[in-house]
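Heads up: the protein sequence lines correspond to chains R and U, in order. FYI, in our numbering the residues of the first sequence are 3 to 325. FYI, in our numbering the residues of the second sequence are 345 to 953.
In short, the hints are calculated from the structure, not lab data. Do not take every clue at face value.
Okay, derived cross-link-like pairs now, DSS-like style, lysine-lysine, Cα gap no bigger than 27 Å in a straight line [as the list claims (entries may be wrong)]:
(1) U:Lys482 <-> U:Lys839
(2) U:Lys839 <-> R:Lys54
(3) U:Lys839 <-> U:Lys829
(4) R:Lys54 <-> U:Lys482
(5) U:Lys790 <-> U:Lys814
(6) U:Lys829 <-> R:Lys54
(7) U:Lys829 <-> U:Lys814
(8) U:Lys657 <-> U:Lys932
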Amino acid sequence: MMRFILRRLAQVPATLLAIYTLTVLLAWAVPGNPLENPEGPQPPPEAVEAMKARYNLDSTWRFYWSYLDGASGVGSLRDAIAGRDRPGPVFDLGPSLQYRDQTVGGIISQSLPVSVSVGAAAILIALVLGLAAGISGALRPGGWLDQLTLSFAMLGVSIPAFVVGTVLLMVAASWLGLGIVGKWGTPEGLLFPALTLGMPYAAYVARLSREGMIEALASDYVRTARAKGLSPVRVVMVHALRNALLPVVTFLGPACAGAMTGSFVVESIFALPGLGQHFVAAVQNKDLFLIIGVVMTFSTMLVLFNLAVDVMYRWIDPRTVRE
Amino acid sequence: MKRLLAPLMVLILLAASALVADRPLPRADLVILNRGEVSTLDATQMSWLQDFRVAVMLFDGLTRYDLDSPDLAPIPALASSWESSPDATTYTFHLRDARWSNGDPITSHDFIYSWRRSLLPENAADYAKLFQLIKGGKEFYTWRSSALAEFTASGSSDRDAAARVLWDRTLAEFDRVVGLHTPDDRTLIVELERPTPYFLDVVSFVAFAPQHPASIRAHERLDPRTGAMTTSPGWTQPGTLITSGAFTLETWRFKRDMRLARNPNYWDASSISIRSIAIPVIADANAQVLASRSGAVDWTSDITPGYRGELVKLKTRFDAEHAAEIARLAAAGLSQSQIDEQLPDDPRNRVHAFPSFGTYFYNFNCRPSLAGGLPNPFADARVRRAFAMCVDKAALTGSIRRIGEPPAGSFIPPRSIARYPAPDGLPFEPGGARALLQQAGYPAGKGLPTIELLYNSEGEHDQIAQAIAKTWERELGVEVRLIRKEVRTFREDVKSGRFMISRASWFGDYGDPTTFLDTCRTGDGNNDRGYSSPEYDNLLDAASRELDPSRRFELLSRAESLLVEQDLPLLPLFHYSQLYMYDPRRVKGVSAHPRQVQYLHRLRLEGSP
Numbered sequence: 003m004m005r006f007i008l009r010r011l012a013q014v015p016a017t018l019l020a021i022y023t024l025t026v027l028l029a030w031a032v033p034g035n036p037l038e039n040p041e042g043p044q045p046p047p048e049a050v051e052a053m054k055a056r057y058n059l060d061s062t063w064r065f066y067w068s069y070l071d072g073a074s075g076v077g078s079l080r081d082a083i084a085g086r087d088r089p090g091p092v093f094d095l096g097p098s099l100q101y102r103d104q105t106v107g108g109i110i111s112q113s114l115p116v117s118v119s120v121g122a123a124a125i126l127i128a129l130v131l132g133l134a135a136g137i138s139g140a141l142r143p144g145g146w147l148d149q150l151t152l153s154f155a156m157l158g159v160s161i162p163a164f165v166v167g168t169v170l171l172m173v174a175a176s177w178l179g180l181g182i183v184g185k186w187g188t189p190e191g192l193l194f195p196a197l198t199l200g201m202p203y204a205a206y207v208a209r210l211s212r213e214g215m216i217e218a219l220a221s222d223y224v225r226t227a228r229a230k231g232l233s234p235v236r237v238v239m240v241h242a243l244r245n246a247l248l249p250v251v252t253f254l255g256p257a258c259a260g261a262m263t264g265s266f267v268v269e270s271i272f273a274l275p276g277l278g279q280h281f282v283a284a285v286q287n288k289d290l291f292l293i294i295g296v297v298m299t300f301s302t303m304l305v306l307f308n309l310a311v312d313v314m315y316r317w318i319d320p321r322t323v324r325e
Numbered sequence: 345m346k347r348l349l350a351p352l353m354v355l356i357l358l359a360a361s362a363l364v365a366d367r368p369l370p371r372a373d374l375v376i377l378n379r380g381e382v383s384t385l386d387a388t389q390m391s392w393l394q395d396f397r398v399a400v401m402l403f404d405g406l407t408r409y410d411l412d413s414p415d416l417a418p419i420p421a422l423a424s425s426w427e428s429s430p431d432a433t434t435y436t437f438h439l440r441d442a443r444w445s446n447g448d449p450i451t452s453h454d455f456i457y458s459w460r461r462s463l464l465p466e467n468a469a470d471y472a473k474l475f476q477l478i479k480g481g482k483e484f485y486t487w488r489s490s491a492l493a494e495f496t497a498s499g500s501s502d503r504d505a506a507a508r509v510l511w512d513r514t515l516a517e518f519d520r521v522v523g524l525h526t527p528d529d530r531t532l533i534v535e536l537e538r539p540t541p542y543f544l545d546v547v548s549f550v551a552f553a554p555q556h557p558a559s560i561r562a563h564e565r566l567d568p569r570t571g572a573m574t575t576s577p578g579w580t581q582p583g584t585l586i587t588s589g590a591f592t593l594e595t596w597r598f599k600r601d602m603r604l605a606r607n608p609n610y611w612d613a614s615s616i617s618i619r620s621i622a623i624p625v626i627a628d629a630n631a632q633v634l635a636s637r638s639g640a641v642d643w644t645s646d647i648t649p650g651y652r653g654e655l656v657k658l659k660t661r662f663d664a665e666h667a668a669e670i671a672r673l674a675a676a677g678l679s680q681s682q683i684d685e686q687l688p689d690d691p692r693n694r695v696h697a698f699p700s701f702g703t704y705f706y707n708f709n710c711r712p713s714l715a716g717g718l719p720n721p722f723a724d725a726r727v728r729r730a731f732a733m734c735v736d737k738a739a740l741t742g743s744i745r746r747i748g749e750p751p752a753g754s755f756i757p758p759r760s761i762a763r764y765p766a767p768d769g770l771p772f773e774p775g776g777a778r779a780l781l782q783q784a785g786y787p788a789g790k791g792l793p794t795i796e797l798l799y800n801s802e803g804e805h806d807q808i809a810q811a812i813a814k815t816w817e818r819e820l821g822v823e824v825r826l827i828r829k830e831v832r833t834f835r836e837d838v839k840s841g842r843f844m845i846s847r848a849s850w851f852g853d854y855g856d857p858t859t860f861l862d863t864c865r866t867g868d869g870n871n872d873r874g875y876s877s878p879e880y881d882n883l884l885d886a887a888s889r890e891l892d893p894s895r896r897f898e899l900l901s902r903a904e905s906l907l908v909e910q911d912l913p914l915l916p917l918f919h920y921s922q923l924y925m926y927d928p929r930r931v932k933g934v935s936a937h938p939r940q941v942q943y944l945h946r947l948r949l950e951g952s953p
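Just chain U, with the same shape it has in the complex:
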């Protein structure tokens, strides 16, 4: 019988090991809850907001945004000054004497190395397109793509050596065609493909921050089969990640927590008062709210429990009680977050709904025929317009979303880009919609096939689709079938055009209308709609040649009104709100700007948690 005790002892030891090995760390100065786990700290691979939010604490670029200015004007970061040619095609940046977290100097060559990584097709950078604003960027990208395909197909015997030769040729080709120059260690000259007045805004985006070449090179390896330069993960881990920003990565326990510590070598270290930042991962929405209420967490990025509508309603009621004061502060030029900081202490004033840089919309398939060769009624813009005029958007945001999001007339959220005049879009007008359908040859919906509405099963898309389908059936006399699919399958269908109408959303990346409008260009990789209009493309082309900012915005606005008032390849439904949770009496300096950029490491903390 004593023999039985041995396995029991093993079990006890295994259970107890957790208590010995895993002691919780002390509370950090700032504790934030991000949306989900960070997927990568490699700037070339990022595309999620939660990754960018952490990346800006670790990496500085040439410039960064001034969160207090209405257009997020670029201000100096690693570049202390810059000048641009009058036609906005050449930018010269002068770097300050800044150092990496390990003490190495940050040079102009580090930028070339990092930007080249984003332009290598094997790295599949989500923002490769932004780097193709640089002169020769696209040419290099295409050249390398075909060189790699050729290499994979070729039957050379010593593939290691051949891959090395191809790599050397690639470096030479990059230097030859790409308009990046480094006259010295502290000067970076960037030539652009065409006038790009928003280039400084793009450069402030953290995907353009430099990375530490030596630590990445130690993880690089040429793949003898494909000739690609592959980077194995490992250089972005605590201890190996070298940063240029205010913080360094102290620990990162996957799906558990991340801890950042102040970077003593940061050029602007004196402006940072927070010493440590903890970013725990709590997946459950309810647990997030509880953690925030208990003071264990200072700032929560997205609150998603089912009762969030009630939380927002309480906040709206609180705002109504202080309407006079809010009006006075707003008149004094304070932003929404600054106003919240001034209001009296109240548990209802912990939830903050700010406008965002994203739009929820439906795609219409604009291709001449549907998958399988069936005729596509939505190839006719009148049909698209009719369906678009038959959606009660205010009812969607009021009774389904219930967090005060504005119904969307335009694709680009209004007021998110300073001085850009957004078009109004179409009104809710079932009568006009029926007339349009009649014109298109479908009187009272007769002759139309069953309309298929495709969406993914996550989130509240179901309720929204049902409400819209009901209105269409009632007002247009059509039959609507809802098709709900798991997100990856959904994505496949949308990409290959196997849909009539599909759910979609888009968040802008930089402060120019093209960050939205380019997705409707003929042949654009993000043009899921298959929309192709020479008139639209011409307007965008004309805007890209236009140097006068206000005339340029006018052209872009005309292009957008083509989208949302005339051709309707997409049907804007509402603009997202970002829901934060924090105590404005303690946490100060949160930005309410719709662009959603936050420098959380620069928050001012008052009092104890």
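Bound-form chain R, shown alone:
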């Protein structure tokens, strides 16, 4: 197992490098100059040129290497060996061009924990609701419970987050008397955004686990287990569930990465200080360093969660170890 993990980890840098290259090329193609104000007073042209040179924005190639040098920590290492002192962090993700007092590293380290918390809570909610709905429906396919859970799942997939979020906001404010906007750090400030974010995931989990469970319950080994006289609960929860979970686990990798890197919609509705808003704002502002920073954060998380999924596969189903 350890060797498997190490081998997979060794592939991560190559994957990330490919994503980085593509991101730089695409972000570079976005029109507009991040150093100029969209409105109001403009810095003199000489100053814009000097700034461009300072951030290496005058050459794609130089930007590509200097950013890689700083972000990978190679630059710090080189300076440390040469005995030069270098201000700033070891992994230097660069400054934000729009918010000049912030570093990209600082922005991500402040907002990622928020998104991870909300995302984790959302995935928890999705698992609890989704599995309960999916399994109970699968026990009697076509029954009223199945119909009910299926329609809820359909709603969960098709109603967009800004509707769910706004409805929850109104429910919380007018029925429960809770002001939940900008209440990050309180239980209700976590619960409502997590519910909004988790609903579509719950719907997917319900559908995936239902399919998996129906298939598992019809298989030979479950019939054997039943024939042995095991209790129905044990048959479903231990024997069938293990296989029924496999598609859910596959889905969880990208789902966790998606949920834990924040959602623009949920963050703007509940005024959450998360990472999702930066995906949109950075592109609008052509904030090159921030675009690369958030894309690389998302990619890293996606790669790591997919690795975690593969590890879990092997735990649940040892057959996959055979290669």
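With chain R held as given, fit chain U onto it using these hints.
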């Protein structure tokens, strides 16, 4: 199966960590909602109103504005007194015994250090031009620009050492050419390029406040490739930012909130009664209004929900009910905000629309030909004037903006600068416009190409452009194509002159007409119109030599009437209003002055929120 519990436990821990790590702070004395997140607290880098609004609480300059006087007269701040030469070219400031928030004395050298930062081209200060009022400022700026370009191109081997040498030369050059002198730690002498009667107003602008040299130097580094002195962000964070003003930065959580605490070392600490200020960031317009209504927020800077027109209408109705009292208070010399404080308590009296120092206008491209070498009909001033006379501005503000903004005849908002006589501008007169077009060789619009109107996709620009285009098509017989672009692309097009007519706005920075008029000078960096008129430039030059204030304003007013009545490189549409939300029974001392300066830390709070 137990193995499955491990990832679940991880998820639960991650979700719960937020509740443990992030406890909300108690309510501050004053809670304000700013427009968006502060982008920087480095005065050299600022250009947004929301940044200035916070900066004035943290930094004092030599002088500050007296918000109660009609022309925002400068009053002593870090300088306890000053004198100027009769020709207004030399100012001598005497500093008081004031200290930084860490206890260091504030000296005249701190000003030199800070102003030099604004004059270094590598810092790309948006207000570098204001610092070039200082004698030799422009010369130094140009010298350093070319020295840096030369350095980057040169192939010297030990670049670290060479950058150091260039830096030392730069410091010497600055001392040699720039007219700033410090005879002692408490005296600052400023020599100006030419007579600048509004220099004290400029100096009161927070971009001229000093910064704490030692804490910035710790973040400075010479870039061996370009030779530039770069400053890494970090010195403006809580714990490292040293301030000279009434408050210090206690916490700053990006896109979340900022908290300020009273600075015990502030020279004027006894006049500050507010102990703590919180500035949360709420992006959603509706949530802002809700937060304001619930009392969680004391003062909101810009209210932008779709129903803001209705809020203003309710306030107008409330004012109409108390018309007699308002007239009586106004006759007694009270300002609009002071009157609101005297009126009876009413939920409608929470919205306050005050005039501002900004104008919404359209640029005409005045260059001889358009991008791509096509002939430009707007190079002819008669065509520009014809289009300008064919806009029903009152209809725009009345039915689209709907927050009571005044239609604009002039570029500079009237009454924003005391004693400045603003020109009236052109009336709405389609008949006269058609006659002008005929004179220019386009009878009933024939011969004109399709007119392109460029604007950015954010905000209400769409509706305004549609209304104007419709009037032009109806009255002038022209065909108008609307071009809507994302703001950065829009900006590129405007800057490189790829437009016929484009949307624009301008807010003044200091209390002199030149803060608007300079943007139409030949070759000015903000002259997006490509307008070039020797007559206009001559009037501005004559004004800059004129020492008599009223004759000077007369010259400037003549220049402005050239802009808005004759040449029309720009078409003023309306003057912005600033919409604040606060309870005037509790929050007192808000300024209604069109210059939009607020010292929120000096507000007087009564009762509980």
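Are Lys829 (chain U) and Lys54 (chain R) close enough, with their CA atoms no more than 27 Å apart?
Judged against 27 Å, a Cα distance of about 24 Å means the pair holds.
Would the pair Lys482 (chain U) and Lys839 (chain U) pass a check requiring their Cα atoms to be no farther apart than 27 Å?
Status holds; Cα separation ~23 Å.
Given the proposed pairing of Lys829 (chain U) with Lys814 (chain U), does the C-alpha separation stay at or below 27 Å?
The given pair, whose Cα atoms are some 20 Å apart, holds under the 27 Å limit.
Lys790 (chain U) and Lys814 (chain U): Cα distance at most 27 Å?
17 Å, holds
Does Lys54 (chain R) sit within 27 Å of Lys839 (chain U), going by the straight-line distance between their CA atoms?
This hinted pair holds, its Cα atoms lying about 17 Å apart.
Between Lys54 (chain R) and Lys482 (chain U), does the CA-CA distance stay at or below 27 Å?
Measuring from Cα to Cα gives roughly 21 Å; hence the hint holds.
Is Lys839 (chain U) within 27 Å of Lys829 (chain U), Cα to Cα?
14 Å, holds
Given the proposed pairing of Lys657 (chain U) with Lys932 (chain U), does the C-alpha separation stay at or below 27 Å?
23 Å, holds
Of the numbered hints given earlier, the model fails none.
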